[in-house]
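Colleague: The lines below spell out each chain.
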Amino acid sequence: MKTTINGQEYKFDPRADESAIEVLRERKQLTGTKLVCGAGVCGACTVLVDGTPMTACLLPAHALEGKSVQTIEAHGPDQLHPVQKAFMAHDALQCGFCTPGFIIEAIAFYDSWRKEHGKKEPDRDEVALALSGHLCRCGAYVGIYKAVQRAVAGDFDEVSEIESPRVEALAKVTGQARYTADVHVPGMLTGRILGSKHAHARIVRIDISAAVAMEGVKAVVEMLEDKYKVARYVGQPLAAVAAISEEIAAEALEKITVEYEVLPFVDSLDEALKPGAALVYPESSKNPPNASEGPIPPGKWEGNLRKPYLNLMMTTWPGKARRIVKEAGQDENLVLVQRTYRTPGQTHTSLEPHCAVAHWQEGSLTVHVSTQTVAPLARELAKYYKLNREQVTVLSEYVGGAFGSKQGFTTETRAAVELSRVTKAPVKVVYDRMEEMTIGGYRPLTKSDFSIVADKQGNLKAMTGYFYGDCGVAVQSQCAPWVRFTYTGVPKDVKDFDVVTNAAFAKPFRAPSGPASFWVLESAMDELAHRLGKSPVALRRHWDDSTIRMPLYDWIESLPAWQKRGEAGASAGRFKTGIGVAIGNWFNIYFSQAKVEVATTPGGLVVRTAAQDMGNGLRSVVAKAVAEEFGVSPLTVDVQLGNSEYVEGPVSTGSRGTNSIYQPSVEAARKVKEKLLANAASTLGLKDPHWENGGIFHEKGFLPAAEVFRQLPAVSVVEKRGGNGLFDVLGMMPSGELGANIVPKMTGSVFMAQVEVDTLLGRVKVQKVWAGMANGKIVNPELAQSQVYGAVIQGMGYALYEERISDPATGTLLTVGMEDYRIPGIGDIPEIEVHFHEGGFESVKGEACGLSELSFLAVAPAIGNAVFNATGWRPTEIPMRPHRVLEGLSMALPQVQEAKSVEY
Amino acid sequence: MITLVENITDVAKAPGEIRAGGTDLQERLRSRISRSPIVDISRLPGLKSIEHYAEGTTLGALTKVADLGRHPHIMNNYPALAMPAQLLATPQIREMATLGGVLCQRNRCWYYRNPHFSCYKKGGDGCPARAGNYELGTCVDSGPCIAPHPSSVGLALLTYDAELEVTGRGRINVTDLYGDGSDPTHDHTLQPGEMITHVYLPPAAAHERGGYHRLMSRALAEWPLVEVVVRLMLDGDTISQAKVAINGMANIPLRLPAVEDNLIGKKTTDQVFEAAAAIATKGIVPLPQTAYKVGMIRSGIVAAMTTARDHTPGEKLML
Ligand SMILES: Cc1cc2nc3c(=O)[nH]c(=O)nc-3n(C[C@H](O)[C@H](O)[C@H](O)COP(=O)(O)OP(=O)(O)OC[C@H]3O[C@@H](n4cnc5c(N)ncnc54)[C@H](O)[C@@H]3O)c2cc1C
Ligand code: FES
Ligand code: FES
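Sequence lines, in order, name chains A and B. Per the working numbering, the very first residue in the first sequence carries number 1; after that it's consecutive. Per the working numbering, the very first residue in the second sequence carries number 1; after that it's consecutive.
Hints are supplied without guarantee of correctness; some may be wrong.
[What the hints assert, rightly or not] Listed next, with one range per pair, are the computed distances between beta-carbon atoms:
hint, chain 1, residue 1, chain 2, residue 2, range
1, A, D226, B, D176, 50 to 58 Å
2, A, E121, B, T312, 47 to 55 Å
3, B, A204, A, R178, 48 to 56 Å
4, A, E161, B, T312, 43 to 51 Å
5, B, S118, A, E121, 35 to 43 Å
6, A, A570, B, T312, 28 to 36 Å
7, A, T4, B, S118, 38 to 46 Å
8, A, A572, B, S240, 30 to 38 Å
9, A, A570, B, D180, 42 to 50 Å
10, A, D157, B, K267, 38 to 46 Å
11, A, A572, B, D261, 28 to 36 Å
12, A, K11, B, A204, 55 to 63 Å
13, A, L559, B, K267, 39 to 47 Å
Hints are computed from structural coordinates only; laboratory data are not their basis. Ideal Cβ positions, reconstructed from N, Cα and C, are used throughout, including at glycine.
Modelling step: build the complete structure from the supplied sequences, incorporating the hints.
Modeller: Written out as structure tokens, the structure reads:
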């Protein structure tokens, strides 16, 4: 069979069921085209076939006969299309995994639009329709709209030099960024994992003989890590296979026979709490996985319920809080809001799935892995396999999204390493989308019984909150701390409870537990304000014990949309609009041991640190910090990340990247500069040298930076961040594997949303979001803004669409594809206005704090409060999918639900 | 195994499942829920065609869905077919999907598509979705399988009383393609080896207005919870004839004759639409998981009728 790929003829003989994606990625190693959903939903695999965009994952390889295929590789750095330049200039990408697909589609749109309409700028609806077959999990849509509109309008037709705020943008828009999923090592085997068929079963026997006997199968290893040999959720890894091809590996999995002794199971939080419910951990010694980023504190088990003793630290005058809540009903002067709230499991579903390529050789282990914790993972691997730390190298140059799901030593890495250890060959394990959805991670489900009391004058009196978190077989959903640390100074009885179920384990997800906490707290707060007849912003200002949000309240109150908002439920007709506000409050973390190396080479500046960039922009923050010191363009700074051989940088969790790395980068750059100046005097004999305007000025003239680096001997400085001084709460504590120091002053946000509710069809459309952020200095405004856009969009998904659903009869997850698990698409994106109020963190080195998590917290409650303002219906459960909205609109909730309190 | 057929007569002889655009089959092969040999018909000559005659319009089975949506003849004369063809799935899928494939695609039930479950359609003997968790299921109990019928184009063809040319069977009505929903083992009534070669549409109706609505949670590119196709033939602002069909309600696409009859002779007012739509759900007994669809069915019908009244003929539909 003959086809043409990027202008070159290609002859091959396809398998019967082969798709074009395999031809491109496997036969031709054209890995710019990505495989994500494998089901035509996400568009990451889009290529042009005779000029028409098609999804290569569903296009039969046979359909390429006589056709001309164009992939992203046809538009390399020397032949950039205006669309690519526009994506770079407008920061229309974060992790970049969806980017080649979007660009290919946008190029086709550019051509067809130009033909019909010339350089007239298309409106947002036109762009949305054209790109509706693409999904971006990072939420880069705001930039994508702009980029496509402006490219079509001609802004980039004549531009040759392009500056992007994101230093690696060129690699991403050309498909040249090599992610772990793209790594190909000669002689590499494919690994696949066999998951449990049952939600709860003792594994009596695993017979691998038939699989091992298959031609092309190189190894089969056991994967179950349970001391009682019990599988506790569907999909729990039992065994893994390495074979010379994907097909053989898949067939081999089917040849493994597992003898199960099926045990009773529980599939939901409510079931798990019923008397007599089947126990997830019937054994006396329980060892649940940890769904949080902190250690698991001790607790007490009662069936499937676990009561962490940490709760005792969360309460302030708990008895008084319970009494006020209990008696509020009888007290004329008090107003009580009391409800049960629910939030769904939210799947991370990064577009690049979990994947690893491991190579175990005599005396060394090299692992390419899509991770957000490069340095600690190398340590963990060394410890687990009893190797010296120097024998292990972890590589992760580009990461196609993570959001909290790719921390530490995860299952796909274990499978790849185990298989490589046996075969001594490199082994690649990539989750398919079903695995990614099932065992790749999710935000825990919660059910919360919450009460809040204020007096008629609006003084906050008490709160009680009992937060039940369902992390599947794991524990550590932690909502209580956020409620504890917000609106402080009143009696509070707030407690977290773990409820284990036979479902895959939850993981930390961008602002772990925060979105559920603020959904509860800020929905209740808004309801109370309404019942008191007070402005919800004024009342928050009154309750807020932190000064950090005060300027943000001013900003919200200055917005015409806020000033013009109507009474709740006053909007008439089928389409009702409303405005809602909510706040966020978040820990301020950094890693005092973070190090960075700044060095010069004859070719220029190089910066190295064992950290990673999953699209959050760490590379650009570092490049900018160093470049500004030298007065050069960030694009000339070669930032090398994702290699455990470098000095240890921060992990990418807990919004600690910028706070940890910005200041040492600046410091190291300064020291390098000093050394260069000294050398300029000593080796070149320059008199009175000083650095200015991108080079060295001296008595006789000017030596530009490039010449300085070329002529002077190479220098290198390693700088450690260090603590902030006395103010660090945990600065002196051993920081554990992930390393965290906490600044006592929390960062803050105030968000506002405007929605339109279609009361006939039950659809909530978010029209605009205003995001007010107070997290200190903004180092890189464009990228900071992109992060906030992404959080708003993921937060919208949480509020409106995303929900893990499983089958009650078997405990099997049903929302395993990207058409059934719905993340926001381009047509759903509202206008988003970001307002940074800088300052307030002068005691923090560098004065810059994290924002990625902070910007997620207030999104859902702001939307929920806007829905209430529009319709008069108070949502308590998310996502607000059409059936819930229609149901909610058709019945009014009772004002006060039954009070429940939990005691020890 | 694969057979690349070059001749229509070879289709009946080749063993296996037909593959046209492959957008449905390739996904099932990847997830391994379908494993039969492939009979690739994409190279058959002469089946990518839109031809009109006095007796009507003939569409070849390999015509792309995207072409149905943008062909001026279809847009102007068969608006209720063009509309779903413009909006179903995604732009890329519409460029790959064929008319035969969109009509014969397998359903999208979570349980059918998930290799962990056995069901009627995979040789099993039950419908696990019934006692399961399936908010997208049919609203009414229309047969042993509660997966809603998937084809947006099949729905539109129902409102045109279209006929199909099937190899070995001759001409059949589109309703015969889908049966009555009592056989849960298949999504259509074609036997192995039978293939749709053409679709026949009746001559264009005078003063026809097309309406279409997909109810979903997001703005674009999502499988609908309920979808409605409406054709209104107008005499000024009076309805002389109406055709209304709905997906998402039953396991086959449904025509709603009582709703249609109620519209005849009436004006195109909101009140008329609402009264007619109410007939669609009168007396129906919804399944426990999908009672929420009852209101949506009425809303969807009203929304599609409103589009039929207000949409400028010949223009692309925006949702
Ligand atoms: C993300 C996504 C969203 C979608 N949304 C929608 C939607 O909203 N509405 C909708 O209607 N569809 C939707 N689809 C389904 C899509 O329309 C179908 O996949 C497509 O139309 C199938 O056409 P094909 O030519 O690719 O079929 P193929 O995959 O080649 O075949 C599909 C089936 O039809 C049979 N078949 C094909 N041609 C013939 C023929 N001529 N005679 C007899 N049998 C034949 C095949 O044997 C096979 O069983 C969606 C698909 C995706 C991926
Ligand atoms: S991978 Fe092809 S559409 Fe998602
Ligand atoms: S940039 Fe789109 S998925 Fe990450």
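Colleague: Which hints from the list above does the structure break, by number from lowest to highest?
Modeller: Going through the list in order, the structure violates hints 2, 5, 10 and 12 and respects the others.
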